[in-house]
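Visitor: The chain contents come next:
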Amino acid sequence: DAKTTQPPSMDCAEGRAANLPCNHSTISGNEYVYWYRQIHSQGPQYIIHGLKNNETNEMASLIITEDRKSSTLILPHATLRDTAVYYCIVRVRETSGSRLTFGEGTQLTVNP
Amino acid sequence: SAVISQKPSRDICQRGTSLTIQCQVDSQVTMMFWYRQQPGQSLTLIATANQGSEATYESGFVIDKFPISRPNLTFSTLTVSNMSPEDSSIYLCSVSERAYEQYFGPGTRLTVT
Chain F
1 DAKTTQPPSM DCAEGRAANL PCNHSTISGN EYVYWYRQIH SQGPQYIIHG LKNNETNEMA
61 SLIITEDRKS STLILPHATL RDTAVYYCIV RVRETSGSRL TFGEGTQLTV NP
Chain W
113 SAVISQKPSR DICQRGTSLT IQCQVDSQVT MMFWYRQQPG QSLTLIATAN QGSEATYESG
173 FVIDKFPISR PNLTFSTLTV SNMSPEDSSI YLCSVSERAY EQYFGPGTRL TVT
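Chains F and W supply the protein sequences, listed in that same order.
Just so we're aligned, residue 1 is where the first sequence starts under the working numbering, counting upward by one.
Just so we're aligned, residue 113 is where the second sequence starts under the working numbering, counting upward by one.
Derived from the structure by calculation, the hints contain no laboratory data.
Ideal placement from N, C-alpha and C gives every residue a C-beta, glycine not left out.
Keep in mind that the hints are not guaranteed to be accurate.
A few chain W residues facing chain F, derived, Cβ under 10 Å [said to hold, decoys possible]:
id: 1; residue: Ile116
id: 2; residue: Gln118
id: 3; residue: Thr156
id: 4; residue: Leu157
id: 5; residue: Thr160
id: 6; residue: Glu198
id: 7; residue: Asp199
id: 8; residue: Pro218
id: 9; residue: Leu222
id: 10; residue: Val224
Label pairs and their computed distance ranges (CB to CB) [what the hints assert, rightly or not]:
id: 11; chain 1: F; residue 1: Ile39; chain 2: W; residue 2: Lys119; range: 19 to 29 Å
id: 12; chain 1: W; residue 1: Asp123; chain 2: F; residue 2: Thr65; range: 40 to 50 Å
id: 13; chain 1: F; residue 1: Gln42; chain 2: W; residue 2: Arg127; range: 20 to 30 Å
When you get a sec, could you build the whole thing from the sequences and use the hints?
Guide: Rendered as C-alpha cells:
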C-alpha cells in the first residue's frame with residue numbers, strides 16, 4: 001500500500017469548509033484513496049473513497065488531483081461534531097475486502 | 113450498514129491474567145478484523161479472522177499472545193493473554209461487507225495494572 005502524508009493537526013471555524021490535504025505521491029494505478037475518521041472514544045467511521053474522479057456523498061467531497069499524487073477531503077460546512085482524527089488511506093480495492101493500514105492522520109478541531 | 117457490539121466496553125486487569133473480548137455483528141460477514149490502538153497512537157491491525165479457518169496474524173502479533181476464535185459469521189473473540197501494562201490499549205473489531213468499506217465496533221478499553 002502506498003504511503004500517505006497528512007498534516008498532524010488543523011483548525012476550522014464552525015460553519016466554514018474544512019479542507020484536509022493528503023499526499024500520496026507513490027500511489028499506483030490500481031490503488032484507491034479512502035478517508036475514515038475517528039471521533040474521540042469511538043471506532044473509525046468510513047467517509048468516502050475514490051480512484052481518480054472527484055466524489056461527493058452526504059458527508060463530504062473528495063478531490064483527487066489529475067496526477068493522483070494528492071487529494072483533499074472537503075467538509076463543506078464543518079460542525080463541532082466533525083472534530084475528529086481524519087485518516088487518508090491508499091490501498092488496492094479487493095472484492096473480498098481487506099485490511100486497512102492507518103497512518104497518524106490529521107486531528108481536525110472545529111472551533112465555535 | 114453493519115452494527116457491531118463489543119463486550120466488555122472497558123476493563124481493568126492485573127498483569128499475568130487474560131481477557132477475552134467479544135465482537136458481535138448483526139449480519140453475516142465474511143471478514144472480521146481485530147485492531148489495537150495504544151494510547152495516543154493510530155490503529156494497528158492484529159489479525160484477520162475468517163470463519164472456518166485460523167486467523168491470519170500481522171507481523172509482531174502471535175497466536176499464543178492473541179488467540180482468536182471465529183465460530184460463525186456473526187461472532188468472534190480476541191483473547192489478550194498473560195497481560196502486561198504494555199497491553200493497555202483500545203481493542204477494536206471491524207467487519208468488511210464491501211470492498212471499500214469497513215465498519216468498526218465501539219472498542220474495548222483495556223487497562224493492565
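Visitor: Now, for every hint given, state plainly whether the structure supports it.
Guide: Do the hints match the structure? See the list:
no., hint, result
1, Ile116, "holds, 8 Å"
2, Gln118, "holds, 9 Å"
3, Thr156, "holds, 7 Å"
4, Leu157, "holds, 5 Å"
5, Thr160, "holds, 6 Å"
6, Glu198, "violated, 19 Å"
7, Asp199, "violated, 19 Å"
8, Pro218, "holds, 6 Å"
9, Leu222, "violated, 14 Å"
10, Val224, "violated, 19 Å"
11, F:Ile39 x W:Lys119: 19 to 29 Å, "holds, 21 Å"
12, W:Asp123 x F:Thr65: 40 to 50 Å, "holds, 45 Å"
13, F:Gln42 x W:Arg127: 20 to 30 Å, "holds, 28 Å"
When held up to the earlier numbered hints, the structure conflicts with 6, 7, 9, 10 and fits the remainder.
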